[in-house]
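Undergrad: Here the protein sequences come in this chain order: A and B. FYI, in the numbering used here the residues of the first sequence are 1 to 505. FYI, in the numbering used here the residues of the second sequence are 1001 to 1165.
No lab work stands behind these hints: they were computed from the structure. Some hints could be false.
One side only, chain A facing chain B, incomplete, derived with CB under 7 Å [stated by the list, open to error]:
1) PHE349
2) PRO350
3) MET380
4) ASP383
5) MET401
6) THR413
7) GLN423
8) ILE426
9) PRO460
10) ILE462
11) ALA463
12) ALA467
For every residue, glycine included, the Cβ atom is placed at its ideal position computed from N, Cα and C.
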Amino acid sequence: MFQKILIANRGEIAVRVMRACREMGIATVAVYSEVDRASLHVRKADEAYPIGPAPASESYLRVDKILDVAKRSGAQAIHPGYGFLSENARFAQACADAGVKFIGPTPESMEMMGSKTRARQHMEQAGIPFVPGTARGLTSAEEAEKVAAQVGYPVMLKAAAGGGGKGMRLVHTRTELRSALESAQSEAQRSFGDSEVYIEKAIVNPRHIEMQVLADEHGNTVWLGERECSIQRRHQKVLEESPSSIVDPEMRRRMGEVAVRVAKAANYTNAGTVEFLVDQQKNFYFLEMNTRLQVEHPVTELTTGLDLVHLQIRIANGEKLPFSQSEINIRGHAIECRIYAEDPDNNYFPSPGKITLLLAPSGPGIRRDSGMYEGWNVPMDYDPLLAKLISYGTDRQQATMRLERALYEYFVTGIKTNISLFQRIIRDADFQAGKLDTGYLDRLLARKPDSGDGAHAAEPRIAAIAAGMFAVLDPGSAAARDGNACGPAPVTSNWKQKGRQEALR
Amino acid sequence: MVYDVIVGGKTHRLELERTEDGWNCRLDGTQVHVDAVLPRRDVLSLLVDGRAYEVKREQSATDLHLWVGSTRYGVELRDPRSLRSRKGSALDEKGPRKIVAPMPGRVIRLLAAEQAEVEAGQGVLVVEAMKMQNEIKSPKKGIVKKIVTAAGAAVNAGDVLAIVE
Chain A
1 MFQKILIANR GEIAVRVMRA CREMGIATVA VYSEVDRASL HVRKADEAYP
51 IGPAPASESY LRVDKILDVA KRSGAQAIHP GYGFLSENAR FAQACADAGV
101 KFIGPTPESM EMMGSKTRAR QHMEQAGIPF VPGTARGLTS AEEAEKVAAQ
151 VGYPVMLKAA AGGGGKGMRL VHTRTELRSA LESAQSEAQR SFGDSEVYIE
201 KAIVNPRHIE MQVLADEHGN TVWLGERECS IQRRHQKVLE ESPSSIVDPE
251 MRRRMGEVAV RVAKAANYTN AGTVEFLVDQ QKNFYFLEMN TRLQVEHPVT
301 ELTTGLDLVH LQIRIANGEK LPFSQSEINI RGHAIECRIY AEDPDNNYFP
351 SPGKITLLLA PSGPGIRRDS GMYEGWNVPM DYDPLLAKLI SYGTDRQQAT
401 MRLERALYEY FVTGIKTNIS LFQRIIRDAD FQAGKLDTGY LDRLLARKPD
451 SGDGAHAAEP RIAAIAAGMF AVLDPGSAAA RDGNACGPAP VTSNWKQKGR
501 QEALR
Chain B
1001 MVYDVIVGGK THRLELERTE DGWNCRLDGT QVHVDAVLPR RDVLSLLVDG
1051 RAYEVKREQS ATDLHLWVGS TRYGVELRDP RSLRSRKGSA LDEKGPRKIV
1101 APMPGRVIRL LAAEQAEVEA GQGVLVVEAM KMQNEIKSPK KGIVKKIVTA
1151 AGAAVNAGDV LAIVE
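Take these sequences, add in the hints, and give me the full structure.
TA: As structure tokens, this is what we get:
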């Protein structure tokens, strides 16, 4: 087994991988940029090395610097987490060349799956079901118009190297196509350094359901059940759950078998995820394969009882999968909320800054994978994902109840977070009925939030009393400092304070 | 202690008087008994006639919000004896309006030039933070009088970016 693993990532996922390493008795090496010295992953590591300035392109994306740290620290393997270099085949190759084990698939599998167009060509040969469209990049606007006319509007433009919704555009009519293509190409160039864009028929109100697979280096591949990821915003997942409300055991088995076929066609090893679009008739189409550990992997860990990071490390160490497909049991229900630094009152604009108060939930059925802590200054340079709150219950209803209770306990200020969004989702009738598709969240947000229920009618009065009590008990705090808006001017003298409290002034 | 507390636009008169076992509290003339403990900064444990509440405080440079359970209330606290607090801070809808950065980030590009006419809601510039590009829109119809930033500039929350008149 490896004695030391370098984690080429930051934030909650770096912390999560380090936890697995510590559990397995493996030493951990962190890397960090200039703005991440005080980040949690640096605090939790056994060793940590700076790798450059804040921009990811000068630090977390620098293959040379990361491999240099691996060499200096004597790390035998690198876990890439998700994002950054996790799906970069050149990085995986560079690791192999440097004699460091990359915890993930081979560069060849990544190469095949990394380009959506190339993946499509291979998978069509393997008989995997696809949404109609082109299997290669568009060369001109004329070609785009031709293909769009063939498959019929609406169409979706997608960056071949894409992910996370970058370089994606939904096009309803021919007139929008040209400018959408240009902006998708330029966004793809900016985000991935590759402007290749292809076209697909847009499935109206699809679900986004994905299947977790695990493959060892001895030809054994298993599926671990689906995750329902339809609740998205700007093509970023917000809430994921397993099982999906529409997937029955028979459909799960069929999806799982297709996913295993996809993995085998790519000679895939380690943990991966096969994403499907599911239409209203429950037909599922291969979308892409994510050749890494997913953000939402805890959902599968809770419903299978497996630790995917432990298994990733064991697979990378050359071990065989310790179970067969028939030994995998899926039970209970898990729901994950992605806690983002976003301002719900300002169209979910990112909200970096200092966390001044953090009250974290715990208790039965609650798991929290977090990269934040009170007093930490959330840098503006990276993805706004702060933490994941995952609930588990014997069934969907119990998982939802526990999640609602945990959200009630969860409180973060200093920065804004989207915690209140999940409270809205959980109370929504369509969510409760499992009626979800990728347009669900935009529809929910287009409606006005309901103005609270009768049970809380007395609470403005409680807020009024609390405002007074805060001012009396904590007069020196910032709220009281602004005499204009928030109460008395700064109280500098104890005499004055005492006098005020006793209303003698 | 006497306060005027504005919660969600409604003004309440709050009188607090310390007693041996807590506080006598008159809210709009109604008397309740309150026991209050500050277990830590920004967290208040309130017992109001036996009912328990945990109230959390969220403050920024300009606003104060209190959370009772998972409901958030915008709150303003005024000392009625203070002259300063009686001065209204009425917002002028006419005249020049500032466009401020909603949070720290980097100006990626300008969408309107100085002296350009803009509609309410039209994008004036694009700010990037945490990998997201966001159009900052004009709060009113008018003319971009001044742009006080440039593409590539780093900005802090609350920084003035442009003025529309």
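Undergrad: Double-check A/ASP383 for me: the hint is only fine if its C-beta lies closer than 7 Å to a C-beta in chain B.
TA: holds (6 Å)
Undergrad: Quick check on A/GLN423 please, does its C-beta sit within 7 Å of some C-beta on chain B?
TA: holds (6 Å)
Undergrad: A/ALA463 was flagged as interface toward chain B. Is the shortest Cβ-Cβ separation under 7 Å?
TA: Holds, because the Cβ-Cβ distance from A/ALA463 to chain B comes to roughly 4 Å (cut-off 7 Å).
Undergrad: Against chain B, run the beta carbon of A/ILE426 and see if the smallest gap drops under 7 Å.
TA: violated (11 Å)
Undergrad: Less than 7 Å between beta-carbons is the criterion; does A/THR413 satisfy it with respect to chain B?
TA: It holds, given that the least Cβ distance between A/THR413 and chain B is near 4 Å, below 7 Å.
Undergrad: Have a go at the A/PRO350 hint: is there a Cβ in chain B nearer than 7 Å to its own Cβ?
TA: holds (4 Å)
Undergrad: For the hint on A/MET380, does the least C-beta distance to chain B fall short of 7 Å?
TA: holds (5 Å)
Undergrad: Would the hint on A/ALA467 be counted as holding, given a Cβ-Cβ threshold of 7 Å to chain B?
TA: Since the shortest Cβ distance to chain B is 5 Å, the answer is holds.
Undergrad: Classify the hint on A/ILE462 as holds or violated, based on whether any CB of chain B lies nearer than 7 Å to its CB.
TA: holds (5 Å)
Undergrad: Taking 7 Å as the limit, does the beta-carbon of A/PHE349 come near enough to a beta-carbon in chain B?
TA: Hint holds; A/PHE349 Cβ to chain B Cβ min 5 Å, cut 7 Å.
Undergrad: Does the CB of A/MET401 sit less than 7 Å away from some CB of chain B?
TA: At about 14 Å, which exceeds the 7 Å cut-off, the nearest Cβ of chain B leaves the hint on A/MET401 violated.
Undergrad: Verify the interface restraint on A/PRO460: the C-beta must sit less than 7 Å from at least one C-beta of chain B.
TA: Interface hint status for A/PRO460: holds (5 Å vs cutoff 7 Å).
Checked against the numbered hints above, the structure violates hints 5 and 8; every other hint is satisfied.
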